[in-house]
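Could you build the full structure based on these sequences and the hints that come with them?
Chains as they are written, first to last, in my numbering: chain X, 1 to 569; chain B, 1001 to 1495.
FYI, nobody ran anything at the bench for these hints, they're computed from the structure.
Treat the hints with care, since some could be wrong.
Claimed, not checked - Cut-off 25 Å, straight-line C-alpha distance, at most; resulting in silico cross-link-like pairs (SDA-like, lysine to any residue): (1) K267(X) - P209(X); (2) K1083(B) - G1060(B); (3) K1337(B) - V1133(B); (4) K417(X) - E1339(B); (5) K96(X) - V1133(B); (6) K1259(B) - K267(X).
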Amino acid sequence: MRTGTLVVVLLGTGCVGAIGGGGPSDDSAPGATDDPAAGPSMMPGTGPTSAAACKGGIPAAPAYLRRLQPEEYVNTVRELMTAPTAAPQLEPPVGKIISQLEVEKLSAAAAELVATKGHLTFAPCDVAGAQNSMCADSFIAAFGRVAFRRPLDTAEKTWLRGVYDQVRGLQVTPPVTFRESLDTVAQVMLQSPQLLYIRDEGVVDRSLPAGVRRLTGYERATRLSYLFWSSTPDKSLLDAAEKGQLDSADGVRVQAERLVASPRARKMVKQFASSWLELDGNASHPNLESFEKDKARFSYDSAALRTAWRNEVESLYDRVFFEQGGSFSKLMTSTESYVTAALAKMYGVTGGPTTGSAWVNLNPMQRGGLFTRAASLAVQSTADTQDPIHRGVYVFRHVMCQPLPDPPVDVDNTPPKPLPGQKVSTRQLVDIKTGGGVCVACHSVVNPIGFTLENYDAMGAWQTTEKLTASGVTYTVPIDSTATIPATDLAGTTMGGVGLSQRLAASAQARDCAVQGWFEKALARAPGDADTCLVDQLKTRFKKNDDLRDLVLAIASSDAALFIKEVTP
Amino acid sequence: MSQLNRRRLLAGASLASGSLFLPSLLGDRAAHAQAPAKRLVVFYTGHGPVTGKWELRPPGMPATPQSEWELPLGPLAATDFSKTLQPLHPYREDVLILEGLALTSAIADKQGNNHGVATGHRLTGAVAGAKHVSFDQYVADAVAVPGRFKYLGFTDNGGDVNNAGFYDTAGNAVSLARCDAFYGFCANQFKRVFGSVGTSGMTSPAPSGPPTGIELSRSRRQASTDFLRDQYQRQFARLGTEDRAKLSLHRDMLSDLGKRVAEFAQIKCEKPTDYPLNGSPLRGKEIANVILTKMFPTAMACDLTRVGLFSHTQLTAADVGATSGLDVHQSIAHSAKTEPGMGWMENYYRLHVDQFAKMIAAFKSVPEGSGTMLDNSILVMSTELANGGHDLYRMMYLVAGGKNLGLKPGRYLKYAETGANPYNLFKTSPYGDRPGGNYGSTSFGLGPAHNRLLVSLMQAYGVDRNSIGLDAAVGTGYLRDVKVEMTGPLPRLKG
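The structure is reproduced here in structure tokens:
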């Protein structure tokens, strides 16, 4: 999740040149080290693309050990074992360090996966036959190359051959079969650090500044594959690495375009959308599916409707990203909606599907863009009412990337309730509660953003009036969704959610924030000082072409993705 | 060697890097079998009961915070129990009900809001967010058997698997397993715990005959963990300090797993014959019931673990009789000072006490020596806060069992709330309060720090500690010479 307080400092000058390909080549680049996994020597065009243009140098950051996430592991072993329906049960990660539970589940998963026999296809001989050391070596090399995402080094081959030798050497009755020996080797490999963890080591390249290492083709393949497919590199990627085709930024871009064109990339984009919209829950609110709403008030709520909410926003991001030129403007203003019959009814759309889902156009006076849809509105609400404070904070922090301090400790965060005899709106209650003392400094900035979304109730349904209760007496008040936003380039009087969306579509800061979000997604780290020039280039390019897809490809083939900073053990 | 079966030898494939299949483990287990195992279960819940409603106030006993007294529970009728505590009545001879303790260390902690500090402090007595060891892990170190689960921790479908950031004494995070549909149902957790265990008897005959598929699989799991340990070690040279720590801990966990796989093959006990609700999603309170009344009693009767943790997150509005979908935190817990919120929160805690009572019954149903497993176990129920209003004093603690661990159950213990209050230590002047505070406790005295209960519990298991977490809160400014001590065991638990 992106941190709301992280602000990229814009230097913004002196940065010219291409991003992500076509950079100056370096014919004098010497070969790499003798690392057996490094692939061929550096070729023309392998040098950094922005080093010459950016005075800050190559945007390389240290690479740290990263454990595969459960989804990545599942995808990886499905590919590896040719078992597309394998569904090993894993534990959710609890932090950077693996837990005992995760270790247990991974161990059990390895045992179950071996039973699928998928690994045996890597053995170039009859596995039902007698023990066969040569075949075992071939199996170790072939299975290892896919499992470890690179060719095994000599020590690894020796280690795994040792496993094989020990198992086949057991004096048992009946004797251990060849297949059982290979099973044990595979089971060991499935739990090995080389498979479960990703850590880029890179290779020394004397054409680079001191302390900067070039990622090998295999490491670049791994980065690309886990970014776009959340899985291990396929045969084409490994072959491209082996042939040295990933030693240049151009070559990386070619493969990145291949991966993003695959249907497998669509899940990544949908997951990015869900994560951005906080649909999976966080410390402030539960996930979309388990967020309890007032059943008496919203009797039409159902699990199917929640699914439709998520599907709608994920589908919209997907459609814009892949089919509509990746247009950020469109994402912010589109009235297209992928609805079920229940969601169409909630949106007041006629002509929607009777079964399944279909694309329709929503009322442009009520809806426009991602942030006027039920999913994003419902998670930034309470069980029974809209929540302008949290909606405003969300947009300010996560759509505009603006820093906002946390509220004081032990702040009374209970939703304001009308006093007996009061007939005030939610908006007025919020104003009363946050309009004085230390609250006003921040709330005067975030509340107006949230107020523009007052036409959407706790479910995200359209409302022009709202019902509140004071001391058991229910009253109705009109909705006022016009607000004057005081800060950022959203500033100005804004009418409703559609007005807010139009301002977001025109906002340079919102675009910069999108660059930051995708940078963090693609590189699994926040931009640092060394990335300033690159990020500026990305921002400039994105403002010019308004293309999210190109943005992701540019990041994935940028110097920040191709080089790392050396870490001293 | 000719008669040795394949299972044992496949497991013995690990001999090159150190055997895990050792007679010494059996000897260790045999030694432990001489004396009954000592067990601990900690059941911790969200929010808190209704202050003024859960306590027992029998005639003749002073109700003032300053009073200190003790009440035998045996003679009391069910109607003498508060609505909240009534589910404990059938087990009144088995419980200690403690009134008056304070989360003193949390009051002294100036970080975060009361939910945050209470959650962080309740098992550690220490500042939230730091790498503090929870008391159950000190106990686990004292009672755990090699090759068994050092502890089993669970939470419900909404729970934090990171367990509020508690750590064990080696610096590993204490993580909780989620028992919900997304993470594999309760059935999978039962398979994880009991899947490798035999079926009857407690002795292990020498293996003979062809191994079953399960046995081969188990053996391969054990062997593979052995082969892997060295490989994890080999990676260290290339890593920085932080990354090396990640792999080092992973290696150690693999080692523990290998031992357990070997050990569990030798254990035979009356494990569950069918796993509860295989494939059916459970929610909140249902998960708690399954873990507290089936998982922990059975796993502990089989001596697969000796420490159990269950973190219960928030109940639903429907669970407590409120309008379904009502915001439990804001509209129920925070509204517990008046009706209908008060009634809802009474229901809330009656439900948790009932869960606790059912666990007592399950432990009591297992004969052990001349008594039951409950005599050799301590079951603790710890609420997050004193009440729905975020107070951190006059907490409700329930302690069950422990007769053979030095406790004298069957009593209600009211502690005097006359001790120093660390809140006052942070006043900026004799006339001013700490700004921004909403700690619920200001000028009055406090009962004993809950750290002292944790110390008593640790000592019951032979842990040689006289304190946990924060030893004392020291004043600032004009109160800089004032200290609020939080060390030493809690008096009166032993009678």
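Cross-check of the supplied hints:
1. K267(X) - P209(X): violated (37 Å)
2. K1083(B) - G1060(B): Given that 25 Å is the threshold and the Cα spacing comes to 20 Å, the pair holds.
3. K1337(B) - V1133(B): violated (34 Å)
4. K417(X) - E1339(B): Judged against 25 Å, a Cα distance of about 16 Å means the pair holds.
5. K96(X) - V1133(B): holds (18 Å)
6. K1259(B) - K267(X): It is violated: about 40 Å lies between the C-alpha atoms, which goes past 25 Å.
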